[in-house]
Amino acid sequence: MNTKLTQYINKNRQFIPITVTALLAVIAYAVGAMLYPSMRNPQVFFNIFRNNSYLLVSAVGMTLVVLTGGIDLSVSGMIALTSVVTAALLREDWNAWLVIILVLVMGMALGAIMGFFIAYLKAQPWIATLAGMWFTRGMCFFITDNAIAISNRTFDLISRTRIYIPIWMEISQAQSKAPPYISIPVVVSFVILIAGILIAKYTRFGRTIYAIGGNEGRNEQSARLMGLPVNKTKVLVYTLNGFCSALAGILFSIFVTSGHGLYANGLEMDAIASVVMGGTMLTGGSGYVLGTLFGVFILGLTQTLIQFNGSLSSWWTKIVIGLLTLIFIGVQSLILHRKGHRDRGKNLTGEALQQFKRRRFLKAAGISLAVLVIFSWMLYPKLNLGSQSSPTQVSIRCTWLPYRQEQAAELVAKGAVIVYERNGGPNCIDELYAIYPDGLIVGDLNYGESTIEKQITVEEVDLLLAGINDYGWFTDELYDTWHTPCGQCYGYYLTVVDGGIEKTVKGVDGGTDAPFLYWQIISLVKGVIPKFGVD
Amino acid sequence: MKDQKFSSLLKKATESRLFLPILALAIILLFDALFIPNFFAIQVRNGDLYGRIIDIARNASTVMVLSLGMTLVIATGGIDLSVGAVMAIAASVAAIMMNPVIIGLELPPDLMKFINDPNFTYSPLWEVILVTLVVATICGVWNGLLVAYMRIQAMVATLILMIAGRGIAQLITNGVRIQIFYKPYAFIGQGWVLLPFSLYIVLFLYIITWLLTRKTAIGMFIESVGINARASFFSGINEKRIKMLVYTFCGFCAGVAGLIASSNIKTSDANNIGDTIELDAILSVVIGGTSMAGGRFSLLASLIGAIVMQAITTSMYALGVPAFALKAIKGLVVVFVILLYSEPIRVFIRKLTSRKEVRS
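Line by line, the protein sequences are chains E and S.
Mapped onto this note's numbering, the consecutive letters of the first sequence carry residue numbers 1 to 535.
Mapped onto this note's numbering, the consecutive letters of the second sequence carry residue numbers 536 to 895.
Just chain E, with the same shape it has in the complex:
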C-alpha cells in the first residue's frame, strides 16, 4: 500500500507544487472565513479577483517568460507607461478603443525589442528587461510629471459595469442579499488566463517554450539541435508578455482611473512571486499557467486577510509573501534535489543508511521548525485571534469622503496658517486640523463628530513653518500626486500660508509617487497636532 502510494506520488511529481498551492489557497480561505465572519460574504471572494485582475494578466505573461528560463522586470514600468499614455491620449479626446489598440501595439513593440536583445544579442534576460523598465518609467516623465485623471465614457462604462454571476444571483435573491458581482477586467483577465493555458499546452509554440526552458535552462542547446526555432520563440514570448503588460496597464488605469509614472512600483516582484507560488520553476521548463491563478489568488488573499485582521499593518503583506515564496521555493528545490539525495544514500546500507535518513530528516525538520517558530513568535501578538469584537472591515474599501475644500478655505480666511486634513484609512476617518499663528490648534473629526484643541507656543508654530519652508514647500519640488487611494490608505491635504502665499498639496500614502519631502512635512505637522485616538 505504502509503496503504491509512493509510486503514485512519484509518477505525478510534477503536480505536487500546483496541488500544494491550490490546497493552501483553499485552507487559507477557509481559515479566514472561520475567523472573520464577514469574509463569508461571496463578494469578498470575487473582490480578490476584482482587485488583482491586472496582476493576473501580467502574471500569465510572466509565467510563459519564466517557463523559457527568462524573466521580465519591465512589467511594472510598462504598466506605468501604458497608464500615462492612455490617460494623456484620452485627455486629448482620442477614441478610447483606438487608444487601447495603440497602447497594446506599443507594449508588443517594446516587448519584441527586448526579446530581440535577449534572443539574438544574447543579453541576460533580466538586464535587458531592466533596461526596459528604466526606459519605460523614464518615458512616463517625459510625457508628464503629474498624475492625469481619466474621464472617458468608455472607460467609465468598463469600470462601472457589474457582471452578476447567474447561479449566485438566485441564491442571493432567495436570501434577499445583494448578489455578488465581478467586473469586466475580471472577465478579461480570465480570458487571458485560459488563452495562456491553451497556448502553453496545445500549441507548437507553447511546447517549444517548455523545451527551451527545461533542465535548468540548459535545454536551450538541445532545443536548438532538435531544430526548434529557439530565437523566434523567445522573441515571441517577450512580445506576448509586452502585450500582457500593456493590457494589465489598461486594466490598472481602469482600476485607479488615472495615469502616473510611479504607479505599480514593484509589481513585477508580485507577478514573479505569484508565478513561483503557482508552482512554476524559476529555472524554467516546469510549471503550469493554471498554477499562476492560485498564486495570484494567494497573494490577493494575503492582502485581504491582513485587511480583515485590522491590527496588522500593510507591510506584513510583504513579509508574508516573502515567506510564502520561500516555502514554495523550498518545496521546489526539495523536489528538484530529491533525486540527487537519493543517489547519495544509495551506496549506504543498514545502519549507515538509517543514520543518513535520520540526519536528513532532522535537518529538514529543524530548518522548517525554526522558520515556523520565528514567524509565529513575530506574528502571535498581532494575530488578534479570539477577539471577534472588532469587526474592522466589512467592505474592503470605505466610501471616500471628499476633500473639505470650502471648509479649509474658510479656516484660512479666519487666519489659520496650516490646514491639514487626513482622510480614509482602515476606519474611514476624516480629520481636519487648523493651526493658528498664536499657537492654537483646532481639530475636527468626521464633520464635527468630535473636536479637539491644543495650545502650543508661538515659537513652536514659527519653528514648524520654518521647517516646512526649509523642506521647500513653496518650490516646484512639492507637487500634487493625487489619485484614488487604496482601501486602507490615507489621503492627505495640506495647506500652508506663509508670507501671504498659500499653497495646497495633496497626496496619498501607500504609493511611492508623492515627493519624499512631502512625507517629511506631513510628519512634522503630525508631530504637533493632538490625536483623536482613532486610526
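In case anyone wonders, no lab produced these hints; they're calculated from the structure.
All C-beta atoms in this analysis are idealised placements derived from N, C-alpha and C, irrespective of residue type, glycine included.
So these bits of chain S aren't anywhere near chain E, every CB distance computed over 12 Å:
#	residue
1	S543
2	V579
3	T656
4	F732
5	I762
If you want the footprint, here are the derived chain E segments under chain S, 3+ residues with CB under 8 Å:
#	stretch
6	124 to 137
7	266 to 273
8	517 to 529
With the hints as your guide, set chain S onto chain E.
Below, chain S alone, put in the same frame as chain E:
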C-alpha cells in the same frame, strides 16, 4: 621599433579590464567639459573642497560600497538582489537605536525633551554602528545559507529577502519614517575632511577587500568557484564556504551603504532608501567588465563603473533633465552596455582588429 612598442602598449591598455570603464568615464567627462560650463570648478570652503566632480564621487559612494560586495558575489556566478532591502533594514535599525521614542517606547521623562537635540542619542554611536552592521551581516548570512547550503538559485534566494526585507524594515520602525537629529551620525554621510567622509569609508573598504582577495588565496578561490564550482570542489576548495563568505560580505557592505544613505538624508525611510539600488550596483559591476556568468573580477573596475553611473546622473541633472526622466537615459545606457558586451558585436570588433593586424 618605437611604433611597435607603442602599439603593443596600446594593445595592453585596450585589453586591460579598466580600459572600457575608464574610456566611458572619459567620454562622459569630455561631454561635460564641452557642454556644461564650470563643470570642473572646485571651490574651497572652510578648507574643504566642493564642486560637481566631488559631488559625483560623494553621491556614488553608496553604490561604490555596494559594488564591492556585489563584485565578489557576481564573481562566484551568483547575484544579490536584496542589497537595497538590507540597506533599508540597516537604516531602520540605526534610526531606532538613536531615536526609539518615535515608536512609542517609553523613555524617562528627562530624556524626552532631548529628542530634537542634535547632541542626543539613545545608544552611543559605536553601538549603533556595530549593531547595524551585525544585523546587515546576518541578512547576508541568511542569503548565503540559502544559496550555498540549500542550493537555491541565487537570484531566487535573494529575491525572498528583497520582497520581505522592506516589510521587515517597516516592522522595525513600526512604519514610521524616523528623523535622525544626532549630529555625529550625520557626519558619516555628510561630513567633510577635505574630501567627503564617505569617500574615506569607500577607500578603506576597498583596501581591505583588495588585500583580502588579492593578497590571500580567497580571490582566486572566488574566481575558480565562479568559473566552475564543481571543478573547484574536486580540487579541494570548499565552494560552499566561499559562497557563504561572499554573500555575508555583500550583506555587510549593504549595511555600510545603509548607514551612509540614512545619514545622508537624515531619516530612515524603509520604502525609499536603496530603492532599485541593487540594479545600479549590478550595473556598475557589469560596466566594470565582470562577467555575469562569474569568473574573473576587478574591484577597481566596479568602483569606476559606479562612478560612471553617477557621472551620467549628475551631468544629466546639470543639463536640466528631471530626476524621474533620468531613468529612461539610464535604460539607454544599459542597452549600450549590452551591445558593447554582446557576442556578435565582440566578434565584429575582433574581426576588425585582426584584419588591421594582417594588413600591417
